[in-house]
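> Here is how the chains run, residue by residue.
There are 2 protein chains.
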Amino acid sequence: MGEHRFMKRAIELSREGVCGGHGFPFGTVIVKNDEIIGEGFNQVPSTNDPTAHAEVIAIRKAGARLETFDLSGCDLYVNGVPCCMCLGAILWSRVSRVFYALDMQACVDIGLPHEHLFKDFSRPLGERSIPFVAMPELNHEARAVYELWANSPDTIKP
Amino acid sequence: MGEHRFMKRAIELSREGVCGGHGFPFGTVIVKNDEIIGEGFNQVPSTNDPTAHAEVIAIRKAGARLETFDLSGCDLYVNGVPCCMCLGAILWSRVSRVFYALDMQACVDIGLPHEHLFKDFSRPLGERSIPFVAMPELNHEARAVYELWANSPDTIKP
Chain A
1 MGEHRFMKRA IELSREGVCG GHGFPFGTVI VKNDEIIGEG FNQVPSTNDP
51 TAHAEVIAIR KAGARLETFD LSGCDLYVNG VPCCMCLGAI LWSRVSRVFY
101 ALDMQACVDI GLPHEHLFKD FSRPLGERSI PFVAMPELNH EARAVYELWA
151 NSPDTIKP
Chain B
1 MGEHRFMKRA IELSREGVCG GHGFPFGTVI VKNDEIIGEG FNQVPSTNDP
51 TAHAEVIAIR KAGARLETFD LSGCDLYVNG VPCCMCLGAI LWSRVSRVFY
101 ALDMQACVDI GLPHEHLFKD FSRPLGERSI PFVAMPELNH EARAVYELWA
151 NSPDTIKP
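Listed in order, the protein sequences are those of chains A and B. When we follow the working numbering, the leftmost residue of the first sequence carries the number 1, and every step to the right adds one. When we follow the working numbering, the leftmost residue of the second sequence carries the number 1, and every step to the right adds one.
Any given hint could turn out to be false.
It does not matter which identical chain is meant; a pair holds if it fits inside one copy or across any two.
Stated by the list, open to error - Pairs of lysine-lysine, DSSO-like flavour, derived with a Cα cap of 27 Å: (1) K119 <-> K8; (2) K157 <-> K32; (3) K61 <-> K157.
Read the hints as simulated data drawn from the structure, not as lab findings. Note that the structure is a prediction, hence the values are computed from the model and not measured.
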């Protein structure tokens, strides 16, 4: 089971972010071997960065601290269940577990679009809420770079 | 329809990222009123940042340039169809359209997990590939911050 003190710190960060005028009400800590190795609160409006969610900031700091983009063995604590972008960041980071306090309904209750945004993910490209336009005439040029990367022994693979 | 020159620049960035040893084979440009206002290539391994995808970097730069977290009216060009994290970033950024060259199968062909990672998004929390652990005993404390944010006239809403 997760540690209350880490979730309490995540909640404290969410409060710090709101009271400091930084952004939306979210705070995250990332823990490895009982130690906090990255933390953050939402800074979307204060930094004009749509990606500056608490989880993304904490993951970025944890990677820098551990000097790896593989956070296997780390736990992530967040006051509210992560949005779709942060779920993606969590999956890429390979953190081992996610602890959360408030569920998606709590986001809906305060008017945040988290639940709504998930709907696009199970839709085909052509049915998403914004247009996805294919440019297949440039496939050949684009594929050459994919293959260059895939076939080089020097490139780091995820 | 999208402009070839912008997609060609996205492909060029993907090549620059691979040849410079920065990361995985992706490049992105964001365009407003026929002008590039943000661009980037993947820098995950070179910066130890799991979130440093081309789209995220370009979105961040575009927000800084336009001094807003709302990229409505912008178009995003990327050499390959975005992953789940970047789809989330795209939705939050509110770019108006996404142009891409290579489809998801091209990612599969070079061994990237993009398609696989999407599977978690239509699963309930309890069936995801990593454990999501609820800590409802801290709901009261967490909800107080949500409500503080929601009820304050001074906080910026997304």
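> Give me the numbers of the hints this structure contradicts, sorted from smallest to largest.
1
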